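Kindly produce the complete structure, drawing on both the sequences and the hints.
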Amino acid sequence: MSNSYKDVMSRKSEIMKEALGFDYDQFEVDGIGFDYEKMMKASGYTLSDVREIQISQNVGQTPLVELKRLSAYARKFAPKGYGARIFLKDEAANISGSFKARRAAMSVHQAKKLGYKGVVAATSGNYGAAVAALAAKAGLKCIIVQECYDSDGIGQPEIIEKARACEAYVAEVIQLSVGPELFYEFLKILEETKYFNASLYSPYGIMGIETLGYEIAAEMKKREGQFPDMVICTNAGGGNLTGTARGLLKAKAIDTQVIAASVDLTGLHMASDRQFNQKSFTTGHTGFGIPFSTFPDRSDVPRSAARPLRYMDQYVLVNQGSVFFITEALALLEGFERGPAGNISLAAAFSLAQTMRSDQIIVVQESEYTGAGKHMKAQVSFASDRGVKISLGDPLLEKPGKTIIFPSSGALLKHKELPLDQLRASYLKHFSEKELSQKDIMYLATELNTTIEHISILLEEINESKK
Amino acid sequence: MIKKNQIVLIYKVILPSSERATNLPLDTKEVPFEMRVKGKLLKSADIGDRVEILTASKRKESGILIEDQPFYSHSFGHYVDALEEIKDVILNETEELEI
Numbered sequence: 001m002s003n004s005y006k007d008v009m010s011r012k013s014e015i016m017k018e019a020l021g022f023d024y025d026q027f028e029v030d031g032i033g034f035d036y037e038k039m040m041k042a043s044g045y046t047l048s049d050v051r052e053i054q055i056s057q058n059v060g061q062t063p064l065v066e067l068k069r070l071s072a073y074a075r076k077f078a079p080k081g082y083g084a085r086i087f088l089k090d091e092a093a094n095i096s097g098s099f100k101a102r103r104a105a106m107s108v109h110q111a112k113k114l115g116y117k118g119v120v121a122a123t124s125g126n127y128g129a130a131v132a133a134l135a136a137k138a139g140l141k142c143i144i145v146q147e148c149y150d151s152d153g154i155g156q157p158e159i160i161e162k163a164r165a166c167e168a169y170v171a172e173v174i175q176l177s178v179g180p181e182l183f184y185e186f187l188k189i190l191e192e193t194k195y196f197n198a199s200l201y202s203p204y205g206i207m208g209i210e211t212l213g214y215e216i217a218a219e220m221k222k223r224e225g226q227f228p229d230m231v232i233c234t235n236a237g238g239g240n241l242t243g244t245a246r247g248l249l250k251a252k253a254i255d256t257q258v259i260a261a262s263v264d265l266t267g268l269h270m271a272s273d274r275q276f277n278q279k280s281f282t283t284g285h286t287g288f289g290i291p292f293s294t295f296p297d298r299s300d301v302p303r304s305a306a307r308p309l310r311y312m313d314q315y316v317l318v319n320q321g322s323v324f325f326i327t328e329a330l331a332l333l334e335g336f337e338r339g340p341a342g343n344i345s346l347a348a349a350f351s352l353a354q355t356m357r358s359d360q361i362i363v364v365q366e367s368e369y370t371g372a373g374k375h376m377k378a379q380v381s382f383a384s385d386r387g388v389k390i391s392l393g394d395p396l397l398e399k400p401g402k403t404i405i406f407p408s409s410g411a412l413l414k415h416k417e418l419p420l421d422q423l424r425a426s427y428l429k430h431f432s433e434k435e436l437s438q439k440d441i442m443y444l445a446t447e448l449n450t451t452i453e454h455i456s457i458l459l460e461e462i463n464e465s466k467k
Numbered sequence: 001m002i003k004k005n006q007i008v009l010i011y012k013v014i015l016p017s018s019e020r021a022t023n024l025p026l027d028t029k030e031v032p033f034e035m036r037v038k039g040k041l042l043k044s045a046d047i048g049d050r051v052e053i054l055t056a057s058k059r060k061e062s063g064i065l066i067e068d069q070p071f072y073s074h075s076f077g078h079y080v081d082a083l084e085e086i087k088d089v090i091l092n093e094t095e096e097l098e099i
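Sequence order for the protein chains is P and F. Quick note on numbering: our numbering labels position 394 of the first sequence as 394, and the sequence is numbered without any gaps. Quick note on numbering: our numbering labels position 22 of the second sequence as 22, and the sequence is numbered without any gaps.
If you're looking for bench data, these hints aren't it; they were derived computationally from the structure. Note that the structure is a prediction, hence the values are computed from the model and not measured. Be aware that one or more of the hints could be misleading.
Okay, derived cross-link-like pairs now, DSSO-like style, lysine-lysine, Cα gap no bigger than 27 Å in a straight line [what the hints assert, rightly or not]: (1) P:K117 <-> P:K137; (2) P:K188 <-> F:K43; (3) F:K58 <-> P:K112; (4) P:K137 <-> F:K40; (5) P:K113 <-> P:K250; (6) P:K414 <-> P:K389; (7) P:K117 <-> F:K38; (8) F:K60 <-> P:K112; (9) F:K87 <-> P:K416; (10) F:K29 <-> P:K188; (11) P:K17 <-> P:K117.
Quick look at the structure:
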């Protein structure tokens, strides 16, 4: 059997089927769509099953804390009567230090149940350490495939730290240079080892997050007598937002607004070898957030269970300097020293809170551990060593890869809005050459959380712009 | 000579530049797609030799031996002026907060 790039990629669907123990063909319907809810149900787990599985692995049930001083700081810059109460779900308290343990708990449980000897995950992020930790606990072998180095052999400090964490749990870490061919190596490893694909995008990976949304809603209702007005999720692959929103809905928190937040890395190409180490965030950025929202099925499974546009009410962007600023503020004002990538939604919350009444509640639904490499100081000095200019000023003037601008006052920490219709149009462009049936249009309306009429208008606009 | 069973780091070109995926930015397309992985050396060898290792998941992998006893050197970085300045901004602006 040939292992050439072309041949391995052509065996993709058989390799996937073997490695997931799950046949995605059964969810396909005529036309462009598939039955998403049928796929989620076919995983065979209910929310209470997930909760039980996670508790048995010491995952979840993390503290929900009110950030009183940080909220007061934001309120200082808000009109009178404005400045919502900001709460943080301290997901860093999970085993392996991030909310990704919730997803890993489900993937590892499923792998063990189906009798696989090991798990493989393609990730440069916290998910690697989460899978490695829980695989160690379950007695399974673990391989993590990560994009880590540029062609000069210089590793992103945050990713090097994650490799160290994986190795602490006896995982094998395959470190690759920049490029989408990571998927090719991933497929080869799955085929060679016959291990389980602990994909972030399987139904298990997403159901694992539903408990996070559910816990937030239930605890808030109990403590404050109301559901949160807003929950902000850092958005990259879309699973965090999708799972959280589904959990909120399962808790009947139907009026809670779900907001996506990403770091704005506009202008940097994610597959560029030279630009790889010019960014100070390796996840939670627009380079993942936008393409995965507008084309979810680009992931490592045939149909992604992460479909964020179905659930998001608003998409906001913050710059790198603002996230570092809020990371410092979280430590100085609240005594939480946490990793910067977990604080993207916190930076957005600081700004969004000022648009909400002071009795309203906004929940930042994650935090992550910090340490050598994945610390704001490590990231900022790494950027400065690569020629990125670091200064104080108006963060909205930051040019990713060229400058990092910290707000020279909390008053300047502002989010930018990414219009949902812009994302919907990008999504629809994938289908603009196709003859779409009424059933397809209905599917698109559900996918993009809008009406059939609105889909038709957006499609017309796309066709107009082509003329 | 590095002894058998020693932990080492190996390097391998997975795809030469000419066999890389299409639709890549030019700077990525013109360099090879590379791998680094750690494991126990199966036979004594020297830096630069083509070797076989046993990885942490007990898989055999081959490549060029590039480092003996690899270890971590990532850190908290170094002093950056602007980071000290934002600390002052935050502390000054929150001196008399009303909670």
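Problem set entry | Violated hints - listed by number, lowest first | The structure breaks none of the hints.
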